[in-house]
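**Student:** Per this note's numbering, the sequence shown starts with residue 4, numbered consecutively.
Errors might be hidden in some of the hints.
Straight-line C-alpha distance at most 25 Å; calculated DMTMM-like pairs for lysine to aspartate or glutamate [stated by the list, open to error]:
| # | residue 1 | residue 2 |
| --- | --- | --- |
| 1 | K67 | D87 |
| 2 | K57 | E81 |
| 3 | K67 | E111 |
Estimated spans, in silico, between C-beta atoms of each pair [stated by the list, open to error]:
| # | residue 1 | residue 2 | range |
| --- | --- | --- | --- |
| 4 | I108 | L85 | 37 to 45 Å |
| 5 | V21 | D114 | 51 to 59 Å |
| 6 | F117 | G23 | 28 to 36 Å |
| 7 | E111 | E80 | 32 to 40 Å |
| 8 | L7 | P103 | 22 to 30 Å |
| 9 | F97 | P25 | 35 to 43 Å |
Simulated from the structure, these hints should not be mistaken for lab results.
Virtual Cβ for every residue (Gly too), placed ideally from N, Cα, C.
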Amino acid sequence: IKSLGFDVREFGKNTLVVEGVPVDLGSSNINETQLFEQLIEGFKNSQQELKLTKRDSLARTLAKNSAIKAGTALSQEEMNTLIDELFACKTPNFSVSGKPVIQTITLEELDKKFEK
Numbered sequence: 004i005k006s007l008g009f010d011v012r013e014f015g016k017n018t019l020v021v022e023g024v025p026v027d028l029g030s031s032n033i034n035e036t037q038l039f040e041q042l043i044e045g046f047k048n049s050q051q052e053l054k055l056t057k058r059d060s061l062a063r064t065l066a067k068n069s070a071i072k073a074g075t076a077l078s079q080e081e082m083n084t085l086i087d088e089l090f091a092c093k094t095p096n097f098s099v100s101g102k103p104v105i106q107t108i109t110l111e112e113l114d115k116k117f118e119k
């Protein structure tokens with residue numbers, strides 16, 4: 004958790020105090036408490052299901068929870084930044100859930116989709 008930018012300390016038995024969140028979350032509309040709870044839950048699930056390292060599991064959950072939601076309007080600049088960040092990834096072809104992000108189709112396939 005700390006390696007992802009969260010500042011956490013123990014506060015009694017089974018209780019944590021989150022004193023700081025990653026810089027990237029400071030300017031977003033993400034509810035930090037809800038995100039932290041989802042991080043812990045997602046960490047447990049993905050580490051068991053996918054046998055991920057702790058860091059990869061937490062990063063995966065953080066990415067899923069801070070993703071731009073469907074229907075969110077973006078400016079041209081935000082869209083360009085998003086595309087640049089996508090292609091800077093190790094695996095830009097797949098989402099954090101393993102779903103394809105990009106699909107290459109031929110002109111013939113495109114023509115077929117628009118035929119009546």
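**Student:** Against each hint, give a clear statement of whether it holds in the structure.
**Tutor:** So, going through the hints one by one against the coordinates:
1. Note on K67 and D87: the hinted pairing holds, with a Cα-Cα distance of about 18 Å set against a maximum of 25 Å.
2. Annotation: proposed proximity of K57 to E81 is violated, straight-line Cα distance about 30 Å (limit 25 Å).
3. For the hint pairing K67 with E111, the CA-to-CA distance comes to about 34 Å; that exceeds 25 Å, so the pair is violated.
4. Range check, I108 to L85: about 21 Å between beta-carbon atoms, so the 37 to 45 Å window is missed.
5. Checked against the given bound of 51 to 59 Å, the beta carbons of V21 and D114, roughly 53 Å apart, stay inside it.
6. The supplied range of 28 to 36 Å is broken by F117 and G23, whose beta-carbon atoms lie about 51 Å from each other.
7. At roughly 35 Å, the beta-carbon separation of E111 and E80 lies within the given 32 to 40 Å, and the hint holds.
8. Distance hint check for L7 and P103: the Cβ-Cβ separation is about 26 Å, which falls inside the suggested range of 22 to 30 Å.
9. Roughly 23 Å separates the CB atoms of F97 and P25, a value that falls outside the hinted 35 to 43 Å.
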